[in-house]
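*Asks:* Residue strings, one per chain:
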Amino acid sequence: MIEYRDAIRDALDEELAHDDRVVFFGEDVAKPGGVFAVTGGLLERHGPDRVFDTPISELAISGAAFGAAVNGLRPVIEIMFGDFLPIAMDAIVNQASKYWYLSNEQAPVPLVIRSAVGAGGRFGAIHSQNPATWFLGVPGLKIVAPSTPSDAKALLKAAIRDDNPVLFLEHKRLYSTKGELEGPDVGELGKAVVRRAGDDLTIVSAMKSVHDCLAAAEALAEDGIQAEVIDLRSLRPIDSKTLLASVGKTNRLVVVEEGPRTGGWSGEILAIATEAALHDLDDAWRLTTADHPIPYSPTLEDAFLPLADAIVAGVRGRLGVAEPATA
Amino acid sequence: MAIAVELDVQRALALYRTMRLIRRFEEAVQSLFLRGEVHGTTHLYVGQEAVATGVGDVLGPHDRVAATYRGHGHALSLGVSPQALLDEMLGRATGVCAGRAGSMNVVDLDHRLIGSFGIIGGSMAAATGAALALRRTDGVAVAYFGDGSTNHGYFHECLNFAAVQRLPVVYICENNLYGEFTPWEDVTAGEILDRPRAMGVDARQVDGMDVFAVREAASAAVVAARAGGGPVFVEALTYRFVGHSRSDPGAYRKPGELDEWKRRDPLIVGARTLRERFEVAPEAIEEIDSAVDADLQAIAERALAAPFPEPGTTAREFAP
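These protein sequence lines are chains A and B, in that order. Residue numbering for the first sequence follows the numbering used here, beginning at 1 and increasing consecutively. Residue numbering for the second sequence follows the numbering used here, beginning at 1001 and increasing consecutively.
Derived by calculation from the structure, the hints in this document are not laboratory data. One or more hints might be untrue.
Now the in silico label distances, taken between C-beta atoms and shown as ranges [claimed, not checked]:
id, chain 1, residue 1, chain 2, residue 2, range
1, A, Asp163, B, Glu1276, 47 to 57 Å
2, B, Thr1137, A, Ala290, 46 to 56 Å
3, B, Pro1320, A, Lys249, 25 to 35 Å
4, B, Thr1137, A, Gly263, 51 to 61 Å
Where chain B lies over chain A, by a calculated footprint (3+ residues, C-beta under 8 Å) [as the list claims (entries may be wrong)]:
id, segment
5, 60-73
6, 91-97
7, 100-110
8, 130-137
The C-beta atom is built at its ideal place from N, Cα and C for all residues, glycine as well.
The shape of chain A in the complex, shown without the other chains:
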């Protein structure tokens, strides 16, 4: 068993050892070992030319990472909280993601932007967001969002070996979760996985919410509803094939997104399903957070998030299944 944070550290460690062109930098990542205790020991093992602390300068961090990537390095940067990504956005959106196309394919941009995201830790509105949808409309960018330690390791290794800019999102509530390593050492970007098989309903999600969906599926099984749970793992590109195969089987789709309803990636999943498989669908909807900032107080934040109980209630309500009477 390995913790999610250690899986990420091991992926960085192994890729730094595997390829001399890989460098890693960000705020508090080297000597302090990261504010989420993910990156300790990397400086000692790989030296200050390849692993270093930066000033609090997200413009310079992301811009320099882009410049390094098109001049022969394979940089990995950490933007400490996903909420800080808007400051780093110019280099990611305007430079790194467009370079391959605009340059007429003169050079790829092998760049990974790691960032800690997500709510549930009482960090408040501006240290808890899920920034994926801010980047969804950016051609040329890949977005990886792993839910397990095994995927975190294999997909981070794959992201570092990929020749495109990759936004690698780490949900803060997953750092201390544990799991076995399974599957290939280096994963494949852009592939979803079916975490639980079922015939009655497809639940699609990503990151920490996958675990809430799996818990909800167990509760729904007691009602006689067998839910299939899909872990997207990649939010850009989206694995339409796995999605449509499941919907073809279950005819019902619910997308669970920890993020605002308007403009969320869950809308994109519904669009893919309705555009390609309307004939397969009896129902399709989404469970998201409301369109207001993430609240701080535990009672407010818990009620705000689509946690397992809310998913169970949402599915029961939509399908007209009564809550089982308690003994």
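Mind docking chain B on chain A? Use the hints.
*Replies:* This is chain B only, laid out in the frame that chain A set:
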């Protein structure tokens, strides 16, 4: 460790030729723009030729440059083909980026041009990052940017980042007195050079209308950066003789200012130095002028005849 490249008469003539090429290239772009052959907008380097020409001349084969959206001169000074560059302006398939980029976004890595940056200060970040890679091979990264960039977050963040990492970057601030339409002194506190100096970065000022002065300052800066002393900052005092972009008549200029700067036109200053210091005959200069003019004429004709890219050719979103 590379040392400064000596300047002989042939090299001095080549400097003048590059400036003349940039001037005529920009005039061709302007003329083709007015004919509707160059699209969108474009930012011309007329008046600033000495800066890129002087800097470009002292760079080595492994050095890299990040240009601005006023970047045609930066590109030409690095040896980017004027034909491929003009074809790009005209949106042709034969352009340096096959018509995908246009005036503000030119990339030519084979000629050491990382890119041309339409976001103010983006060039500084790209060069700062390039230096992380280039320090492994004794290369130097150069960033061009204007006086307007000195108030941007990129400016302060990148100078500090490069200084603490002791990166081999040469930051070339082309102070042409105006950020778009606004005089720099109206929106800038203190002096530009005091800003890098506050971070312990070596900073010098140079006459940006004199290619020989720029070359000397750039040479010293590149040698120092390559030696591992950290970034070097050069403020080149220059002036654009044309508007910020196509829609700008330059109404903000102070009375007499344009004429005053035109008396120090880098081509006039350069030709005078060729005659006085290098004892070049006036005929030799005229010969360069006619040769460049004829080249540009032919380049413009070929550009106009070049094919447009075929719509429907599928772009690959991701590098394989």
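*Asks:* Which of the listed hints are broken here?
*Replies:* 4, 8
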